[in-house]
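Asks: Given next are the chains, with one letter for each unit.
Number of protein chains: 2
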Amino acid sequence: LLLQPGAVTQSRTRTVVMSKINESIDKENPKVVTMVKAKEIEGAKAVYCRCWKSGTFPLCDGAHVKHNKETEDNVGPLIVEK
Amino acid sequence: LLLQPGAVTQSRTRTVVMSKINESIDKENPKVVTMVKAKEIEGAKAVYCRCWKSGTFPLCDGAHVKHNKETEDNVGPLIVEK
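Protein chains in written order, with the numbering used here: chain A, 1 to 82; chain B, 1 to 82.
Heads up, some of the hints might be wrong.
Stated by the list, open to error - A short, non-exhaustive set of chain A residues, derived as facing chain B with CB atoms under 8 Å:
1) P30
2) Y48
3) W52
Claimed, not checked - Derived coverage of chain A by chain B (criterion: at least 3 residues anywhere in the stretch with Cβ under 8 Å from a Cβ of chain B; other residues may be distant):
4) 57 to 67
5) 71 to 81
What the hints assert, rightly or not - Listed next, the in silico DSS-like pairs over lysine-lysine satisfying Cα-Cα at most 25 Å (straight line):
6) B/K82 / B/K39
7) B/K82 / A/K45
8) A/K82 / A/K45
9) A/K37 / B/K82
10) A/K66 / A/K45
11) B/K31 / A/K82
12) A/K66 / A/K27
13) B/K27 / B/K37
14) A/K37 / B/K37
15) A/K82 / B/K45
16) B/K82 / A/K82
17) B/K82 / B/K45
18) A/K45 / B/K31
19) A/K39 / B/K39
20) A/K31 / B/K82
Calculated from the structure, these hints are not laboratory results. Where a beta carbon is used, it is the ideal one built from N, C-alpha and C, also for glycine.
Please build the complete structure, drawing on both the sequences and the hints.
Replies: Below, the structure is given as structure tokens:
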């Protein structure tokens with residue numbers, strides 16, 4: 001079983017494998033920071049991805065639904081109203 | 001080695017363990033969606049967490065630095081300028 005490279009830490013009760021969150025977005029960039037201007041939001045609001053699986057990153061495309069189902073997670077987007 | 005519950009998928013070349021992104025934030029909530037109003041941002045901008053490790057979630061507290069180091073990841077925050 002090939003695990004993604006990740007640190008394995010031994011905490012008091014269990015070993016937790018911490019793996020990457022972002023598998024494919026802008027990987028040659030050492031840190032993906034996105035800057036947006038609220039004034040430039042088109043329409044009343046914009047929905048931003050926080051699961052790093054969106055095909056329209058930095059905007060959300062609903063990819064968190066599949067992620068949450070597959071991994072029993074509960075992540076969702078950030079919605080910025082103008 | 002106790003893995004976090006996660007789906008194991010067999011892709012052509014390697015098995016990728018997909019695990020949770022959010023280990024501890026608002027876990028009783030089935031989907032953590034955050035709504036913010038740009039007008040209510042204090043000061044010129046606000047920095048929002050996208051690594052789900054921040055102690056001041058939904059705001060960023062720099063926790064992504066430790067995460068990136070431990071897992072060779074490259075995630076960073078969303079900065080919203082007023």
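Asks: With a cut-off of 25 Å on the C-alpha distance, tell me whether A/K66 and A/K27 pass.
Replies: holds, 22 Å
Asks: Can we keep the A/P30 interface hint, with Cβ of chain B closer than 8 Å?
Replies: Status holds, d = 6 Å.
Asks: For the pair supplied as a hint, B/K82 and A/K45, is the alpha-carbon distance within the 25 Å limit?
Replies: holds, 13 Å
Asks: Is the coverage entry for the region 71 to 81 of chain A by chain B consistent with the three-residue Cβ rule at 8 Å?
Replies: holds (count 11)
Asks: Is A/K82 close enough to B/K45, meaning Cα to Cα at most 25 Å?
Replies: holds, 13 Å
Asks: Tell me if the straight-line CA distance from A/K66 to A/K45 falls inside 25 Å.
Replies: OK: A/K66 and A/K45 at ~23 Å, within 25 Å.
Asks: Any CB of chain B closer than 8 Å to the CB of A/Y48?
Replies: A/Y48 check passes; min Cβ-Cβ to chain B is 5 Å, inside 8 Å.
Asks: Does the alpha-carbon distance linking A/K37 and B/K37 stay inside the 25 Å limit?
Replies: holds, 13 Å
Asks: For the region 57 to 67 of chain A, count the residues whose Cβ lies under 8 Å from any Cβ of chain B; is that count three or more?
Replies: With 3 residues in contact (Cβ-Cβ under 8 Å with chain B), the coverage given for the region 57 to 67 of chain A holds.
Asks: Hinted pair, alpha-carbon criterion (25 Å max): B/K27, B/K37. Please report holds or violated.
Replies: At roughly 24 Å apart (the allowed maximum being 25 Å), B/K37 and B/K27 satisfy the hint.
Asks: Are the Cα positions of A/K39 and B/K39 separated by 25 Å at most?
Replies: Answer holds: A/K39 to B/K39 is near 10 Å, not above 25 Å.
Asks: Is the hinted pair B/K31 and A/K82 satisfied, with a Cα-Cα distance of at most 25 Å?
Replies: The given pair, whose Cα atoms are some 23 Å apart, holds under the 25 Å limit.
Checked against the numbered hints given earlier, the structure satisfies every one of them.
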